[in-house]
Amino acid sequence: SAVISQKPSRDICQRGTSLTIQCQVDSQVTMMFWYRQQPGQSLTLIATANQGSEATYESGFVIDKFPISRPNLTFSTLTVSNLSPEDSSIYLCSEHDNYGYTFGSGTRLTVV
Amino acid sequence: AQSVAQPEDQVNVAEGNPLTVKCTYSVSGNPYLFWYVQYPNRGLQFLLKYITGDNLVKGSYGFEAEFNKSQTSFHLKKPSALVSDSALYFCAVRDMNSGAGSYQLTFGKGTKLSVIP
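Protein chains in written order, with this note's numbering: chain L, 70 to 181; chain V, 183 to 299.
Hints were generated in silico from the structure; no laboratory data involved. Keep in mind it's a predicted model, so treat the numbers as computed, not measured. The C-beta atom is built at its ideal place from N, Cα and C for all residues, glycine as well. One or more of the hints may lead you astray.
Okay, the calculated beta carbon distance ranges per label pair [said to hold, decoys possible]: (1) V/K259 with L/S70: 17 to 27 Å; (2) V/P222 with L/S74: 14 to 24 Å; (3) L/S150 with V/S252: 43 to 53 Å; (4) V/E246 with L/V72: 19 to 29 Å; (5) L/V72 with V/G244: 38 to 48 Å; (6) V/N250 with L/P140: 23 to 33 Å; (7) V/S210 with L/V131: 23 to 33 Å; (8) L/V72 with V/P222: 17 to 27 Å; (9) V/N237 with L/S150: 40 to 50 Å; (10) V/S252 with L/G121: 20 to 30 Å; (11) L/V181 with V/Q253: 19 to 29 Å.
Partner residues aside, some chain V positions facing chain L, computed with beta carbon under 8 Å [what the hints assert, rightly or not]: (12) K204; (13) F216; (14) R224; (15) G225; (16) L226; (17) K240; (18) Y243; (19) F245; (20) S266; (21) S268; (22) Y285; (23) F289; (24) G290.
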C-alpha cells in the first residue's frame, strides 16, 4: 500500500492567518481525501481531491475556507484560511488505491 | 446514506483478557468495512478490512474482526489484550453500491480502549 508523508505535523497559528498542509504520496493515486478531526470527535470528510479537476466539497465545507490543490497524482495541499479558534483540529489526508485507504500522520492545528 | 455506530465510548479490559470493540453499520448495498487505530498525536493506522469472502478477517497486531451480515455488525476482537493496544479505534464503512466515483468512507465516533496492567 502507499505511504503518505504529511507536513507540518503541528502548528500554532494566529487567528486571521492561513495554514497550508501538504501531503506527498510515494506512488501515483487517483483519489485523495482531506478530513478534519475535531477534539474528541471522529473524522469528517472535508473534500475529495482528484487530479485535473476541482475538489468536491462535502456539505458544510466551502472552497473559500478550505482551498485544495492537486497538481499531480502524488501531491495535494489543503489550506485552512482566515483561521479562528474553531478551526483548531487535526487535519488528515488520505488516499485510495487497490489496497484500500491510507492516511497521513495528521496535522495538529492550534489557533490562538 | 451510509452510517457507522460504535456504541461504546470506552472499553476497559485487563491485560491478557480477550477484548471486543463493537461496530454496527448501515448501507444500502454491500459494505466495505475497515478498522483503524489511532495512537495519541498520530494518524490512522490500518488494522484490517472486509470486502467479501470469509466472515472472519485477520489483521495486524493479532486483531481480527467478524462480519455478520444479519446483524450488520463488524466487531473487532483480540484473544489476549496488551497494554500497548491502548488507543482509539475507529470503524469505517463504504457502500460498494453507492455509485461510480463515490469512494467516501464514513467513520464511527471511535472507541477508546484502555488495557489495564
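Hints, one by one, checked against the model:
no.: 1; hint: V/K259 with L/S70: 17 to 27 Å; result: holds (23 Å)
no.: 2; hint: V/P222 with L/S74: 14 to 24 Å; result: holds (20 Å)
no.: 3; hint: L/S150 with V/S252: 43 to 53 Å; result: holds (47 Å)
no.: 4; hint: V/E246 with L/V72: 19 to 29 Å; result: holds (25 Å)
no.: 5; hint: L/V72 with V/G244: 38 to 48 Å; result: violated (23 Å)
no.: 6; hint: V/N250 with L/P140: 23 to 33 Å; result: violated (44 Å)
no.: 7; hint: V/S210 with L/V131: 23 to 33 Å; result: holds (28 Å)
no.: 8; hint: L/V72 with V/P222: 17 to 27 Å; result: holds (21 Å)
no.: 9; hint: V/N237 with L/S150: 40 to 50 Å; result: holds (46 Å)
no.: 10; hint: V/S252 with L/G121: 20 to 30 Å; result: violated (43 Å)
no.: 11; hint: L/V181 with V/Q253: 19 to 29 Å; result: violated (47 Å)
no.: 12; hint: K204; result: violated (15 Å)
no.: 13; hint: F216; result: holds (7 Å)
no.: 14; hint: R224; result: holds (6 Å)
no.: 15; hint: G225; result: holds (4 Å)
no.: 16; hint: L226; result: holds (4 Å)
no.: 17; hint: K240; result: violated (15 Å)
no.: 18; hint: Y243; result: violated (16 Å)
no.: 19; hint: F245; result: violated (15 Å)
no.: 20; hint: S266; result: violated (18 Å)
no.: 21; hint: S268; result: violated (17 Å)
no.: 22; hint: Y285; result: holds (5 Å)
no.: 23; hint: F289; result: holds (5 Å)
no.: 24; hint: G290; result: holds (6 Å)
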